[in-house]
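Asks: These are the residues of each chain, in order.
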Amino acid sequence: MSCMRRFCHETQSHDSLHSCMCRRSVALLLLKMSEERDPAALSGSAQTEGEEDLFVSAMESPEAARLSAEDISPSSNGPRDDDPDDPDDLFAEATEEVSLDSPERQPILSDGPSPAITPVTISPRVDVFDRSPDLDEDEEENRDTFDIQISVSDPEKVGDGMNAYMVYKVMTKTSLSIFSRDEVCVKRRFSDFLGLHSKLASKYMHMGYIVPPAPEKSIVGMTKVKVGKEDLSSVEFVEKRRSALERYLLRTVKHPALLKDPDVLQFLESSELPRAVSTQALSGAGILRMVNKAADAVNKMTIKMNESDAWFEEKQQQFENLDVQLRKLHASVESLVCHRKELSVNTASFAKSAAMLGNSEDHTALSRALSQLAEVEEKIDQLHQDQSYADFYLISELLGDYVRLITAVKGVFDQRMKAWAKWQDAQVMLQRKREAEAKLQYASKPDKLQQATDEIREWEGKVQQGERDFEQISKNIRREVGRFEKDRVKDFRVVIIKYLESLVHTQQQLIKYWEAFLPEAKAIA
Amino acid sequence: NMTSISEDSDKEKMRSVSVDLNNDASLVIDIPDALCERDKVKFTVHTKTTLSSFQKPEFSVPRQHEDFIWLHDTIVETEEYAGFIIPPAPPKPDFEGPREKMHKLGEGESSMTKEEYAKMKQELEAEYLAVFKKTVQVHEVFLQRLSSHPMFRKDRNFQIFLEYDQDLSVRRKNAKEMFGGFFKNMVKSADEVLISGVKEVDEFFEQEKNFLLDYSIKIKDATAKAEKMTRSHKNVADDYNHISGALNNTAADNNTAFKKHLEKCAEVFEKLRKVEDRMASDQELKLTELLRYYTRDIQAAKDLLYRRARALADYENSNKALDKARLKGKDVAQAEENQKQCLQKFDKLSESGKKELTSFKARRVVAFRKNLIEMTELEIKHAKNSVSLLQGSIEILKSN
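Respectively, the protein sequence lines represent chains A and B. The first sequence lines up with residues 1 to 525 when you count with full-length UniProt numbering. The second sequence lines up with residues 1 to 400 when you count with full-length UniProt numbering.
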């Protein structure tokens, strides 16, 4: 093989890889590795000491660690409703509701009467927005009883065939005064959400507000649902969408300006909503939007802005980098989701095979042990499946949301450039008008002169407005980016911990299952 | 001066698929070392013995995989061993996986960072090592099956294999020419038909036949499914690796305290990968290798049944021939002698076959028990490590 040849020429490189693989004996290789204390090289029980060193733990012993983790539940602020001794309840099925403080402040859990956050559900409803009791620098300002909870639930299919659509129940519970009722329930369909986003984007994006993007359309996914396929993939698709819609609404109301927006209020409260027609996938309006987007892209290329403020240049670069990194991270997590699903399927398949082997085995005790092994593997396959839901809903979907959010962030920077360009254009126009007026001074056409003077005033106004707009959007963006970064950090911190806890749960279940199997294996006689 | 692969206690644990071997101090065999040169693996076969049939009490020889195959084949061809289960030949060392990885590593070297390259190299070495361990184990077990068997241990060719300090390749060539693979070249597909077709009077063999035919199908399937399961497990570990790398990349850009947070997360995933990898490897070594080995061993048991069935067929033919001879009144004595020999052979095969199959079951049960226990204990250990690693990290992340 050419690769071997390349590696085997001592003259070319002293790559130790070559020397290890091609010449040195395995024994020496092992000695070298144990010197480097790399237990990954050795499988089996060879290096007990090395392994313990590898795992730096803040706890003294695993038992102590387990205890304190159960005591510190990040997801409930008050007494837990479920039995802390039964780890299964950690993932009890429940309708998740999120408690948010006044959107102006940092969200923290509210004490007292509002429902405590119940822990993460793994299959399939996973709540991303549990707020840990963070000690935030703004916390003093946030001592308030403002809150709003939103849930999207109960997907229902309406109609038949290709005209069918899903309707979701949107429930809002709040004590905010801008809402007309404490609790309101409405029915909304997907295009309603898209319509809301469309309105908000057109109202606020040009001001530099980061408007949370709506979930993506999926013609394939929806077609399956319409056609009436009751299979697992359709169910998963609906659940995925439901969760995405919920996250979308929560992000939207978290924005202080958007929360007060009449369209948002109408969306959450009105029993009837005018059908958002312009969001149809292949509609005329859709095509128009695509054309506009393209035009914008061309414009962006021709605007060469003189950036006087280094902050914007830095931030833009940062977001470009973050975009790339998040996409990569997202891709890796998607791969994990996929492989863990495969692992679940393969484990189930092995379980069946082991059961058959157990049936065939003529030694009674071994036969029983093999059947038990099959049962354990079946339970483990379910564990893997549950874990893959956590992989997906906790991390993968969040990363996907952020990839889309970053696009929105980049969008507001573009808007600022457009504002700047408008301001510059106005200045250019003003200059032209002044020049024109100057020329008319010598032409003795008094009414034209008056018109020119009027136009100058008009354009002076536009220049001032352009400058004001530009400064305003710059200010808004600074504030928005600050808020975005704070939220981003918080979201990730919360989610990572939740995810690691889901992994802990899986491992603890594994221990349980295997410890139950061990005496069965020992009983083989 | 031998360098051992690992501590003695770990050697015990390595020799897992077949147990109670090497208990007899009069002949102790192991493979303490192996060398990989290009495509060839050279095993160091080390013998310690008190038997006078050997020239020295302790010695080592280098042997290749083909030498093991030669030894296996000569034993299979030996008529007097027909009534024994012949220990299955070890499979050829398969370095295709690590070799592919090495190729990728070489090609991608220029596009990787130093850290990524070092990490991939480390993984590659670990994978190479895993393949090594497996192949050493399986070759070692083959020899130990022979040394622990009352008849095989006395085999002349076995002694030559252990002792002869020259290259065996000349002998290997001669053997091929001599035997021409008589038994091996027999159409194996006739196997099943012959065995199932035999009119079995012996209850024991009837049961064994039914059991072995069914079990061999099931265990083959279980092996394949276990392999798939382990591969998926390794893929998950790989993903943890990529996630860790991606987190590190993101951290590199972040200038806030969040950066430390991200780095810590990257570290967690890296450690998780190691644990997950180990879980997968241990599962492979204890479960998949066990199933693989016994798939081969079941085949060896079936081969014994096949030989016995052939002997029975021969005996029935000899009966018919005797009847014919008696009818014709020609060559009766010869036919009688032939019939007597056939019967003797069949009886001998039946007698030793029964013993072999009974001890085979015992051996299989013990091996499964040992491996299932070890696998379970390792799974528990790794899961506990995971838990303490994760909980420790959660504490640190929360306190940030």
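Hints listed in this document are in silico derivations from the structure and should not be mistaken for laboratory results. Errors might be hidden in some of the hints.
Claimed, not checked - Pairwise CB distance ranges, derived in the manner of DEER restraints:
hint : chain 1 : residue 1 : chain 2 : residue 2 : range
1    : B       : A362      : A       : E515      : 45 to 55 Å
2    : B       : P91       : A       : S367      : 21 to 31 Å
3    : A       : T364      : B       : E80       : 31 to 41 Å
4    : B       : K114      : A       : K379      : 13 to 23 Å
5    : B       : A252      : A       : R483      : 18 to 28 Å
6    : B       : Q122      : A       : E515      : 28 to 38 Å
7    : B       : D94       : A       : S367      : 53 to 63 Å
8    : A       : T407      : B       : T113      : 19 to 29 Å
9    : A       : R483      : B       : T113      : 47 to 57 Å
10   : A       : E236      : B       : A362      : 22 to 32 Å
11   : A       : V324      : B       : E100      : 57 to 67 Å
12   : B       : A252      : A       : G461      : 27 to 37 Å
13   : A       : E515      : B       : A252      : 58 to 68 Å
Unchecked claim - Which residues of chain A face chain B? A partial, calculated answer using Cβ under 10 Å:
hint : residue
14   : M162
15   : N163
16   : A164
17   : Y165
18   : V167
19   : L194
20   : R340
21   : S371
22   : Q382
23   : Q385
24   : W423
25   : Q424
26   : F517
Stated by the list, open to error - Taking lysine-lysine and the BS3-like style, the derived pairs with C-alpha atoms no more than 30 Å apart in a straight line are:
hint : chain 1 : residue 1 : chain 2 : residue 2
27   : A       : K328      : B       : K40
28   : B       : K154      : B       : K398
29   : B       : K220      : A       : K352
30   : B       : K381      : A       : K352
31   : A       : K512      : B       : K384
32   : A       : K240      : B       : K398
33   : B       : K104      : B       : K121
34   : B       : K121      : A       : K341
35   : A       : K379      : B       : K121
36   : B       : K154      : A       : K512
Remember, predicted model here, so these are calculated numbers, not experimental data. Ideal Cβ positions, reconstructed from N, Cα and C, are used throughout, including at glycine.
Asks: Among the hints numbered above, which are violated by the structure, and what are their numbers in rising order?
Replies: 1, 4, 7, 9, 10, 11, 12, 13, 14, 15, 16, 17, 18, 19, 21, 22, 23, 24, 25, 27, 28, 35 and 36
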